[in-house]
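> Put the two chains together into one complex, using the hints given.
Which chain is which? The protein sequence lines are A and B, in order.
Sequence positions in the first sequence follow our numbering and run 1257 to 1738.
Sequence positions in the second sequence follow our numbering and run 12 to 293.
Hints may contain errors.
[Claimed, not checked] Short derived list, chain A residues pointing at chain B, Cβ under 10 Å: (1) Phe1273; (2) His1582; (3) Tyr1715.
[To be verified] So the derived list for chain B, only partly shown, Cβ under 10 Å to chain A, looks like this: (4) Ile21; (5) Val23; (6) Leu27; (7) Asn43; (8) Lys140; (9) Thr156.
Hints listed in this document are in silico derivations from the structure and should not be mistaken for laboratory results.
Bear in mind that the values here come from a model prediction, so they are computed numbers and not experimental data.
A virtual CB, placed ideally from N, CA and C, is assigned to each residue, including glycine.
Residue strings, one per chain:
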Amino acid sequence: MFFNSIDFAIFLPIVFFLYWFVFSKSIKWQNILIVVASYVFYGWWDWRFLSLILFSTIIDYVVGIKLKKEEDHTKRLILLWISIGVNIGFLGFFKYYNFFIDNFTTAFSFFGKDIAANSLNIILPVGISFYTFQTLSYSIDVYRKKLEPTHDFIAFSAFVSFFPQLVAGPIERATHLLPQFYKKRYFKYHNAVLGLRQILWGLFKKIVIADNCAKFSNMIFNNSSEYPGSALILGAIFFAFQIYGDFSGYSDIAIGTSRLFGFDLMKNFAYPYFSRDIAEFWRRWHISLSTWFRDYLYIPLGGSKGSTARKVRNTFIIFIVSGFWHGANWTFIAWGALNAIYFLPLLLMNRNRKNIGTVAENSLFPSVREFISIMITFSLTTFAWIFFRATSLNHALGYIKGIFTKSVIEIPDLPKKALITLILILLFVMIEWFGRNKEFAIANMKIYKYRIPKWMFYYSIIIIIYIWGNNSDNIEFIYFQF
Amino acid sequence: MFFTLGLILINVALILIVEKYYNKPYNNIPINDQDEIFILADSHGLPLKQNLRESGIYNFAIGSDSYFDIYRKIVYLIKYTNMNKIIITADDHTLSIYRENSNNIDRSVKFIDYNDNDFLLENNYSLMKEKYLKRYLPIFNTKTTGIVEGFFRSMFKKPKVRSLDWDSFENKKKASKARAKLQFKGTNSSERLKSCIKEIVNLCKLQNIKIIAIKYPLSKDYLTEVNGRNFGADEYFAELGIKTYDFTKIYINNDEYFANQDHLNDLGGKKFADELKKRLNL
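If we strip away everything but chain B, and leave its shape as in the complex, we get (with noise of 0.2 Å):
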């Protein structure tokens, strides 16, 4: 019985982590029932904060979501929300196979419900074990255990700031080449990921959600790394009749604008929101 208790508490403890550490930015979304426009992408979105909230849009991107997880926020979205049009990330490593396996899929769970079409789980089951059980029952969710070790390494040692200034970085090339071989192992495109961009146009038809697909701004030195590779979704998306506005080599010359390699920091993210107002004449 007191055995038992002791597994319960330590579960208990597990929960409180987790919940703070790894589930947060999926809990209490501020989001209005009146917003038309969502930004979906994964943390190359960050930097445009809300910055385009006055424009009645809502950055609603989490680093490393892949489509799967997109598509689970659009579900919920139409739902709860007016919305009219999405700004879908259609970057070069996409559909790559990182971006299948490395993904948010056991916490964008949060935004189905047992009625949901959802493209990965197959039944009502899978749904309960995905959204309950591994949510609290964490020491099943193997995803965890990072979250948690990464909790007990703080208590004794204080993790390194990593700096915010691409500009004044040493090592770019090494570091663009690091983050290009992780992002572009392999030479095959997610199958899975490209057929849950089908899923997510289908039903923004079917809903009259209008897709603005973009590509967002990269620094010189890892264009050069990535050197033209690309998974394709800005081709699969054209496919499927969406245009995809390319803004890769805007600041090419704009280091300033980069917290590191692939990523904007604030000022790019003001700079970034700008310009898509203009472009996209939001």
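Isolated chain A, as found in the complex (with noise of 0.2 Å):
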């Protein structure tokens, strides 16, 4: 079910009466219709993935009581493993199955041996990514002894099946989310109305400027051998707003749904466009996923400590592996690695730690300085972004070589609402520049004191969705195919 559709706008007051009127007076039966919920919410796509859910719920769940029993060392570690296997084992069948079988038959036979193995057919089942890396977060954290392993079944089944954040995160952590669960909600008018907000404003990100822009991205990336360099240009910026829309649109409104429940999630993205630097821009962007790898990879493989070449093998492979999560394709583990080249100078320097609080934090405008490294930040993105869009390496080398022409000069030939796109886009980066320091961008405006400006401000918002919402069919969002 996607957050941006007629289904889910029935869904979700009916959930939240069943959840606030019905069954208030119990916390299990709470968890329970949350769990229905979010099979019911999942089980829209396909119902069969829900027996993936199902099982890894399960088998974590077994496994992190197990662990609370069991002293020996070897015995833990093996449960751990079971875990990490299942939930891995999933993932690489449905995600990487036939990119392993199509590069292995390649390298084969470029050593001039044929082998016949045939890649299948596989539904990759929506936000597979998501779930299994929260599943896994418990099953560690329970082996770390960080974490009490639960034995209510339905509340662990609620932390892993919980639909605001189920299909594209933020990929809670089990040491934040599943306490939420065992504790009383109370309702409360307020968080309701922030949450309300929040979705509304997640909504603007993706129906107004994520499908807006991704017209247009589509329009450029797949026919670019036709455009001239300055139309690529703009192509790959209307690809970093659409992503960037589409993703932090879909993380508003699943943080937003969650306060309407009681819940608190976790931030997973902190206006990432302004930041100075690319080490600030990782610490921005897609925050929970960043935080994952840091925490269960790239400590234990010693992080930043020890040799430089250790630092770079560490920085290498968390940035590579975290390419490879969005997707089984060369351009993803390019658009890692060219990240992590970005990132080792800072690093190497220590300077990484350098831009920490927001940016121009008492001021109105950044300074000179500030805004030529947020302009720099924002094209080094944009330029990595070119590898996570493109179909292939050929297609993105062939992107990147067409920028770098005469054309570059030329003024290009777009439809008039690729300028309408354009205005859009400057008037969301002005909201978001003014609303830098709250948790969302119109979080908290001055004009929500008086009601007649507040509530004309909403429904502008609302009336903008409507008339320049993309009104071609639902665009997906891009991370459920991760």
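Right under this line is the structure:
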């Protein structure tokens, strides 16, 4: 079920009503409702995939309890590897099987050996990368004795399948989300209003910004050889805002929806395009995944401690694995490696934590230096997005080659709506800039003190979504495919 | 509370606009339950108006109707009339992807009930969603955006009155080229529309309804631009044992009968109605 669909617009009020008005007296029944609602939400795509979630849930629940009872180190390690094996096994089969088969076949034929291996027609279950990582965090934390295993199967099932963040995150840690299923939730008007506001902002980002950008980025990327360099630059910029609007919009809707049910999810985006260097960008982009990799991969590998060679190795590993997590294609690996190359000089010069706080915290506009840093970081990121969006490495390289030609100074011949989309992007960036020290851009504006301007603002966003929303069929969230 | 009321008011305003400017052709259809023959087509059938009403033929063509919409109309007509014959379009573009995407399925759902076996809707929930929710919550029907936009635009700017005289039209070649480009984009025909034709034929056979397929007259410039491209509805009808009457070239030298490159004008509509009566023994 898509957040931006009429189905969800019906589903959400029904679940909300049942949750607060029918089952509000029992945490257990509220949790059961969440599990049922989450399974309906997920089964809306394909009910067959529910078996995967259920299986992962049972395995990790049992492993958690056994880990608690078991004292023997080897046996505990075996239990952990069962959990990792099952979860990564599912992910590997559904997401990476064809990639490895195709690449092995190509590699063998390169050395003159033809092997007969058939790729399978596998449908990728929506959001599999997200919920497998979420359940893995539980097993690993129980193994590390950072978390007490749960004996409440319903609460654990609700944690694994919690519908607002099931298919595209934020990837929650068991230490943060699971305890919330044990506690009584109270309906707080202020929290619900904040949640609805965040949902509205998320819908604006997705429907107005991302979907309109998608139209032009698809048009340019799909026919890149026909466009001049200037249009190719615009295509990359459109994609940069498409992916940001799409994914951070999804996260806003997820976090806002959770608030309606009295849950607090972690922040997933913190105005990444206002970052002053790449290290800061990665602290602000898809925070739940970056911190997951930091805690469960980077630090166990030694992190930034040790020799320079080790630092370089660890940086490349984490960025390449992160790239590969996004999809079974060499383009994602190249995207990850490129970001590692951007990041390494900062790490080696010990400047990776230089820009920590909010940019231009006490002033309205950034300084010239800050502005230049932001523009450079945005340009580097947008350049890397070309690999992320391209269908193959050759496509990406051809696209880049197309940019570095004389045609880069030509005025691109794009539809009038592309200009309108650029104006919408500008408006969006301005709102984000003025709300950059808030949890989300419109979380706490001065106009909320007065009823009429506040309502006018909400109505305006609703009307903009209606009028400027891309009126082709619903465009899927990009991150659903991961 | 008041905020929600405001939202409801916005929604009501949208309903009124959409009902008046979009759903109107699908509302209040003066069909007589004794009617037996129906013309089912897209905008190519519109110029026929109700010129064949005296012969007991009701023109049920609506601009942009696809075979999905026609199927639904047939289901409806079987229930509420004594239909025994349909005159269905088999124009060259009717199996195009363009027609698969540009149709009236959000409006023709009006003709479907819960017990009907619809070609597009899988279950009763989908039917409820398409028939009622999208209609009464137009804010969720993205197709209505353009209608509302057009309504507001017309408040500030008078809409251009399009010339309906193809004979004296200056840029015939350019207009024909643009239209042909739109309708004949791509080379593949729509498999879903093809399946729908099959369903239509099966349904009509089951109900003893005779099918007559026709191809509507086209202007010379348009035919030149189309240059023989055809997504093959006529061939598919032939495969299913239905004969197609081809009228595409009957007015090839009579631009005075056309409103534009591929639509007859009032005069052409009258002439064509007479021609149909004669050729099809109606």
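> Hint by hint, note whether the structure agrees.
Taking the hints in turn, this is what the structure says about them:
Checking phenylalanine 1273 of chain A against chain B by beta carbon gives a least distance of about 15 Å; that is not within 10 Å, so the hint is violated. At about 29 Å, the closest approach between the beta carbon of histidine 1582 of chain A and any beta carbon in chain B exceeds 10 Å, and the interface hint on this residue is violated. Taking 10 Å as the C-beta cut-off, the interface hint given for tyrosine 1715 of chain A holds, the closest approach to chain B being about 7 Å. Nearest Cβ of chain A to the Cβ of isoleucine 21 of chain B: about 7 Å, under the 10 Å cut. The hint holds.
Interface hint at valine 23 of chain B: violated, since its Cβ lies 14 Å from the closest Cβ of chain A, which is beyond the 10 Å cut-off. Evaluation of the leucine 27 of chain B hint against chain A yields a violated restraint, the C-beta minimum of about 15 Å exceeding 10 Å. Interface restraint check: asparagine 43 of chain B against chain A, minimum CB-CB distance 36 Å, threshold 10 Å, status violated. Evaluation of the lysine 140 of chain B hint against chain A yields a held restraint, the C-beta minimum of about 6 Å falling below 10 Å.
With a least beta-carbon distance of about 4 Å to chain A, the hint placing threonine 156 of chain B at the interface is held under the 10 Å criterion.
Going down the numbered hints, you'll see the structure goes against 1, 2, 5, 6, 7, while the others check out.
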